[in-house]
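Engineer: Chains Y and L supply the protein sequences, listed in that same order.
Number 400 marks the last residue of the first sequence (UniProt numbering); no jumps.
Number 386 marks the last residue of the second sequence (UniProt numbering); no jumps.
Each hint should be verified, as a subset may be incorrect.
What the hints assert, rightly or not - Facing chain Y, according to a computed beta carbon distance under 10 Å, are these residues of chain L, among others:
#1 PRO15
#2 LYS75
#3 ALA79
#4 LEU284
#5 MET288
#6 TRP292
#7 ALA296
What the hints assert, rightly or not - According to the in silico footprint, chain L covers these stretches of chain Y (three or more CB under 8 Å from chain L):
#8 252-262
#9 276-288
#10 376-389
Honestly, the hints are just simulated from the structure, not real lab data.
The C-beta atom is built at its ideal place from N, Cα and C for all residues, glycine as well.
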Amino acid sequence: MTDAEDLRRRTAELLAAHPPAATQRLDFLRARFDAGLAWVHFPEGLGGLDAPRSLQAVVDAELAAAGAPDNDPGRIGIGLGMAAPTLLRFGTDEQKRRLLRPLWTGEEVWCQLFSEPGAGSDLAALATRAVRDGGDEAGSGGDWIIDGQKVWTSSAHLARWAILIARTDPGLPKHRGISYFICDMTDPGVEVRPLRQITGEAEFNEVFLTGVRIPDSRRLGAVGEGWKVAQTTLMNERVAIGGSRIPREGGMIGVAAADWRARPELRTHDLHQRLLTLWVEAEAARLTGERLRQQLSQGQPGPEGSGMKLAFARLAQEISGWEVEFLAEDGLTYDDWTMRRPDGVDFTGREAGYRYLRAKGNSIEGGTSEVLLNIVAERVLGLPPEPRTDKDVAWKDLPR
Amino acid sequence: MNDGTSPAGTPAADPDLLYSADEEALRAAVRSLFADRGAPATVLAGLESASAHDAGLWRALATDIGAAGLLVPEKLGGAGASAREAAVVLEEAGRCVAPVPYLTSAVIAVTALLGCDRGREEVAAPLAALAGGGSVGVLAVPWTTAPGGASEGAVRAGADGTLTGRVTSVADAAGAALLLVPVRGPDGPALYAVEAAADGVRTGSVTPLDLTRPLGHLTFDGARGTLLASGERARTAVDGALLAGAGLLASEQLGVAEWCLAETVRYTAERTQFGRPVGSFQALKHRMAALWLEVASARAAARNAADALATDSPDAPLAVAVAQAYCAPVAVRAAQECVQLHGGIGMTWEHPAHLFLKRAKSDELALGSPGRHREALAGLVALDAP
Ligand SMILES: Cc1cc2nc3c(=O)[nH]c(=O)nc-3n(C[C@H](O)[C@H](O)[C@H](O)COP(=O)(O)OP(=O)(O)OC[C@H]3O[C@@H](n4cnc5c(N)ncnc54)[C@H](O)[C@@H]3O)c2cc1C
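Same shape as in the complex, but just chain Y (with noise of 0.2 Å):
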């Protein structure tokens, strides 16, 4: 079993053989990657070590406290967070051998084909069709060809793979019917379109598959499983945007008692009460991910992984809400209307205008607030679920 006084000293034998000053931003990336110390619950061979995901804060300290670089999770959020987990539980051991490691290390950037114009929030009525081309008796081997559009792609412009549901069978209830793709982004009949956004930039895209094909090999799970699959990716998502690991004061709530003290002429009772009961609030919430993650630790999730995301979501909408109104006259102002690709979201770095424009994407994106409700009502309290009149019917009987 691995511990976490083996980490630390595998962690010194990689910062010995790698110094970070003298070591290639990638070369080390790749090192790390190679000792398993790069996501420590992997699998051996896959940058862990099958060691407690807990471990890897006492490597993340380590490495940080040696200046080492790290992997730039804004940019490659989506591999990191949704991607790696599915392929991980449903890839094959060549998928994962070939795909895993530039992954890690931001070589590949990955985006997520899932949401189309007509499939958002019930994502199961998607429309974006898989037709098999040649393959054996058995159903494998072959190509598949695909034919649709997504919408709303984050980083679709940068990437490299994708992960993709399409309609392999329109006859079968609309779960039923769908199969998991990887996509590569660079193959003839993918066409990128950025999509501007309430913020100015264009962090997402249109996707149009026009003829794409992709060989049977790079199909995750069964055909007609793929709704199982999605369902790996979109509850890793959920943590990933809920869930990071921060410091008391982190985040948003940091940026505005910053303001805060900067800014004593802005001060008014009222903003002071608003702004005490966000500190609360957000305390609150650190705690709770907290609590999942001592939970996570022992091996006994815990429900509250449903709610953290929304928590976040309504924090970063109030705490930048609020800090607009704070800063008074600088609030009627915003940095830069520019159509900018950005490669990641980044909170801290830009004004309070463009968090608060941003901040109303977190109860969108990924899962509906309205919809999480949902979730948690239904899974977490028991309580009796939505009527479904879609459930039995075909896909292409249904009224759209």
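Once you have looked at the hints, place chain L with the ligand on chain Y.
Structural biologist: For chain L with the ligand alone, kept in the frame of chain Y given last:
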């Protein structure tokens, strides 16, 4: 203030926010006692009896289970446990609005005594009596007093050690044999012990909003007391008691909120209107789901406060302020939602929902309102008022 960059700092050690196996065992014992003898319906039936406390239930909890002595070291007659265990008892007590003086006697009065010189017989003897559960003691301050707020004692001590003055709205005063009285003495603050039955002590009862936690006005008219501590020692003993009380009140509030949510989910999943269980309407589901998230966060905040108190962490004042500012409104919201989502039956006397609403609302005022705790927090994390 330990990382130099942010005045709020980061707590030195990571708090343990989970429950240990021993704590779960204690919970099981307390829960089964309350299930047998303290279910909300029983509490309801006992409300209009002469005594506000259920003496049998208190004996079973305090003495048979030994909960009254959790905070007291073994050599002083207690169980040598910590605030973490006491918090578990309070969660369970909150879940059935138990009419027992646990928080007032076994937490607040005991902590006040622990803050005095335990080597003195005048301190050790009453401590052992409270730890055994045979006697109930209360700190004679208004129940609304926040940590740090008891310095202006309303009672004066004369040079001869007799006390004069009046303290209003003291929780659980009626059932208490021992009164711990913060006073203004000739040489500054002091803490006295006074027998409730002594000459010159009168306990007048008031009709409380929360029927399960009686309030009394205490009048001291030349009553004779025993000096327990004076000066700074007295002040810190009283402050420490109020801090522990406020921190652990959060666990009681968590228990109140938990019961309200669980009962509301159970009821709305059964109650049918418009041909569907009312709990299948999304407008209600979302309210319950949102409440669930608040309860989950209240648990983390309450656990953090209990752990900080248990480990005597320098972070305790901040953890307590956060827990009170967060948990008090959650308990109130849970109880309000419980009444509302039960419809008409929620407004009846026979349904226990009102017991929880009354407890939650009174708890919001107890030991400092959320606003007071936010004010305290402002000082602790350098977010100064305008
Ligand atoms: C910043 C951002 C980045 C994104 N990145 C990606 C990405 O990289 N890849 C990708 O695939 N997708 C991405 N998305 C898409 C996102 O997952 C969807 O927008 C989201 O799931 C909602 O779908 P929709 O936009 O179609 O809204 P709709 O489903 O049309 O919802 C409209 C409104 O109806 C409500 N609603 C819908 N169903 C219910 C219900 N059953 N009960 C109650 N209310 C309901 C919703 O909450 C919402 O308020 C991104 C979105 C944003 C905002």
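Engineer: Indicate, hint by hint, whether the structure satisfies it.
Structural biologist: To see whether the hints hold, each was checked on the structure:
This hint holds: PRO15 of chain L has a C-beta 8 Å from the nearest C-beta of chain Y, less than the 10 Å allowed. For LYS75 of chain L, the interface hint is violated, since its Cβ never comes within 10 Å of a Cβ in chain Y; the closest pair sits about 33 Å apart. At a threshold of 10 Å, the smallest CB-CB gap from ALA79 of chain L to chain Y is about 25 Å, leaving the interface hint violated. Annotation: LEU284 of chain L was flagged as interfacial toward chain Y, and the flag holds, the nearest CB pair being 8 Å apart, inside 10 Å.
Hint status for MET288 of chain L: holds, given a least beta-carbon distance of 6 Å to chain Y, under 10 Å. For TRP292 of chain L, the suggested interface contact is upheld, since its CB lies about 6 Å from the closest CB of chain Y, less than 10 Å. Taking 10 Å as the C-beta cut-off, the interface hint given for ALA296 of chain L holds, the closest approach to chain Y being about 5 Å. By the rule of at least three residues with a Cβ nearer than 8 Å to a Cβ of chain L, the coverage given for the stretch 252-262 of chain Y holds, with 4 such residues.
With 10 residues having a beta carbon nearer than 8 Å to a beta carbon of chain L, the stretch 276-288 of chain Y meets the requirement of three or more and the stated coverage holds. Here's how the stretch 376-389 of chain Y fares: 11 of its residues keep a CB closer than 8 Å to some CB of chain L, so the rule of at least three is met and the hint holds.
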